[in-house]
Amino acid sequence: MSLTMRILIGMLAGLGLGVILNWVKVPILDMYLVDGLFLMVGKMFVNALKMLVVPLVVFSLLCGVMGIGDIAVLGRVGGKSFVLYIATTAIAIMLAIALALLIGPGRGFDMQGVDTSGIKGKAAPSVWDVFANVVPSNPIHAFANGEMLQIIFYVIVVGIAALMLGKQSEGFVKACEYMNDLMMKVVTIVMHFAPYGVFALIARTFAQQGIELFIPVLAYVVTLVSALAIHLFVTLMLMLKLMTGMSPLMFMRKMRPAQVFAFSTASSNATIPVTLRSVTERIGVDNSVASFTVPFGATINMDGTAIMQGVATVFLANVYGVSLGLTGYITVILMAVLASIGTAGVPGVGLVMLTMVLGQVGLPIEGIALILGVDRLMDMLRTAVNISGDAVVSTIVAKSEGKVDMAVFNDPNAGEMNDEDIRIDEDEEVALAKTLHEAEAMDKK
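Converting from the sequence shown to the numbering used here requires adding 2 to each position, the first position being numbered 1.
No lab work stands behind these hints: they were computed from the structure. Quick caveat, the model's predicted, so the values are computed rather than measured. Watch out, some of these pointers could steer you wrong.
Computed spacing ranges between beta-carbons, pair by pair [as the list claims (entries may be wrong)]: (1) V26 to R78: 52 to 62 Å; (2) N140 to A163: 12 to 22 Å; (3) G71 to S139: 46 to 56 Å; (4) I30 to D407: 51 to 61 Å; (5) N135 to N49: 47 to 57 Å; (6) G168 to L17: 51 to 61 Å; (7) E418 to I232: 47 to 57 Å; (8) D72 to D407: 17 to 27 Å; (9) N49 to M7: 24 to 34 Å; (10) D37 to L14: 44 to 54 Å; (11) L184 to V26: 37 to 47 Å; (12) D37 to I332: 42 to 52 Å.
Derived pair list, reagent style SDA-like, types lysine to any residue, alpha-carbon separation capped at 20 Å [unchecked claim]: (13) K176 to A164; (14) K405 to G77; (15) K187 to K401; (16) K405 to K52; (17) K45 to M382; (18) K52 to Q210; (19) K27 to L17; (20) K82 to I162; (21) K82 to A100; (22) K176 to M166; (23) K27 to Q210; (24) K243 to I93; (25) K169 to G71; (26) K45 to A146; (27) K176 to D72; (28) K176 to M254; (29) K401 to F84; (30) K82 to M68; (31) K243 to K52; (32) K82 to I93.
Built from N, CA and C at the ideal position, the CB exists for glycine as well.
With the hints as constraints, model all of the structure from the sequences given.
Okay, structure coming up:
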């Protein structure tokens, strides 16, 4: 059975069990199963993914920069990626606002009984602060805290320096290639435990949240899910088809494992190893492009989060009876795009960004309490859209540079993992060890 199918089974089983546990509400099960075993397994799985992010990004990006070999080409790839990521985010939030204005979630909503305690806002960063913070004052601090924009900047500078050294850096290049291959093997190992991690994460989420929380804010949920679906299946797939000529159906099929991972973890950063593997080994994007565009997108491309901000702003404006007007909505669009550039792709970051947006248009931050109950589940959907956008932009940029292997893309089974992968790897290691032993014996003779 393929890994993708096992992950889907784990997700569906976790969803079913979680809903049942939420319905029966047995304290001992909540204590030892939901907040015990499921919490432990889910946390271990997410930690394992996060463990891979920084070293994988570092070595993969170094290989990518040095693999491109031309600073001008690197600048061109970076420029295309940045423009496309900003464009898709802007399109996403404009779509969200338009759909929310059409459906009108929040009209006639009663705020009585809503707990608004503990809701705190966050000041919006200036444009200058966002770009100034790209340069790390302490690279070690950036690595330790997972500051992706700073890590990307630092690694690109190191990669360019290695290019400038020419032949002197050959040993460094080989070491990076070896470490990149090594990290991809570690990704393979971690992914074999994915069905169990996904099961635990989904089961705990639905056991805690249930489905009854959707009823009071059903119009908001329907609007948000509709906007996410339209952006993913229409906007992004139309861009892919028009700009590359590649099949959206095949693309979606090959991105399914990464989307399930993103849905389970609600973290674009934690999903980077899986997204990178899917984009390179399943879709056929050359690593020299994907190693830059995927981690870059996980940091600045937040289409799903921008959609949430657009829908939530209209929802709360309707709840409080505030008319934002054209100027207000333009402010929302600009703030969402700006905030997405400097915000990490971690669970719950959307709410932090939303407080910035609400503060700029004069809406009460306390209104966030209305959507807190469903935000975790919506965050999972948003993250799946976010990483899909990363993959689409990576593919478009790579295609424009002639860096997509169409034979890989057109092969339905290319890069698909199954239960035999680790066993095969072990057989290869045994064969290699045997060869080395024979070589040593010949040397002694």
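Cross-check of the supplied hints:
1. V26 to R78: 52 to 62 Å: holds (58 Å)
2. N140 to A163: 12 to 22 Å: Since the Cβ atoms of N140 and A163 sit about 18 Å apart, the hinted range of 12 to 22 Å holds.
3. G71 to S139: 46 to 56 Å: violated (30 Å)
4. I30 to D407: 51 to 61 Å: With Cβ atoms ~53 Å apart, the hint holds.
5. N135 to N49: 47 to 57 Å: Given about 26 Å between the Cβ atoms, the range is violated.
6. G168 to L17: 51 to 61 Å: holds (54 Å)
7. E418 to I232: 47 to 57 Å: violated (29 Å)
8. D72 to D407: 17 to 27 Å: holds (20 Å)
9. N49 to M7: 24 to 34 Å: holds (25 Å)
10. D37 to L14: 44 to 54 Å: Given a distance of about 22 Å, which is not inside 44 to 54 Å, the answer is violated.
11. L184 to V26: 37 to 47 Å: holds (46 Å)
12. D37 to I332: 42 to 52 Å: About 44 Å separates the Cβ atoms of D37 and I332, which means 42 to 52 Å holds.
13. K176 to A164: holds (12 Å)
14. K405 to G77: Within the cut-off at roughly 16 Å; holds.
15. K187 to K401: At roughly 26 Å apart (the allowed maximum being 20 Å), K401 and K187 break the hint.
16. K405 to K52: violated (28 Å)
17. K45 to M382: The given pair, whose Cα atoms are some 16 Å apart, holds under the 20 Å limit.
18. K52 to Q210: violated (24 Å)
19. K27 to L17: holds (15 Å)
20. K82 to I162: Given pair K82, I162 holds - Cα atoms ~19 Å apart, limit 20 Å.
21. K82 to A100: violated (27 Å)
22. K176 to M166: holds (16 Å)
23. K27 to Q210: holds (10 Å)
24. K243 to I93: Cα-Cα ~17 Å, so holds.
25. K169 to G71: holds (12 Å)
26. K45 to A146: holds (19 Å)
27. K176 to D72: With Cα atoms ~18 Å apart, K176 and D72 stay inside 20 Å; holds.
28. K176 to M254: violated (34 Å)
29. K401 to F84: This hinted pair holds, its Cα atoms lying about 16 Å apart.
30. K82 to M68: holds (19 Å)
31. K243 to K52: violated (32 Å)
32. K82 to I93: Holds: K82 and I93 sit about 16 Å apart, inside 20 Å.
Hint compliance for this structure: hints 3, 5, 7, 10, 15, 16, 18, 21, 28 and 31 are broken, all remaining hints hold.
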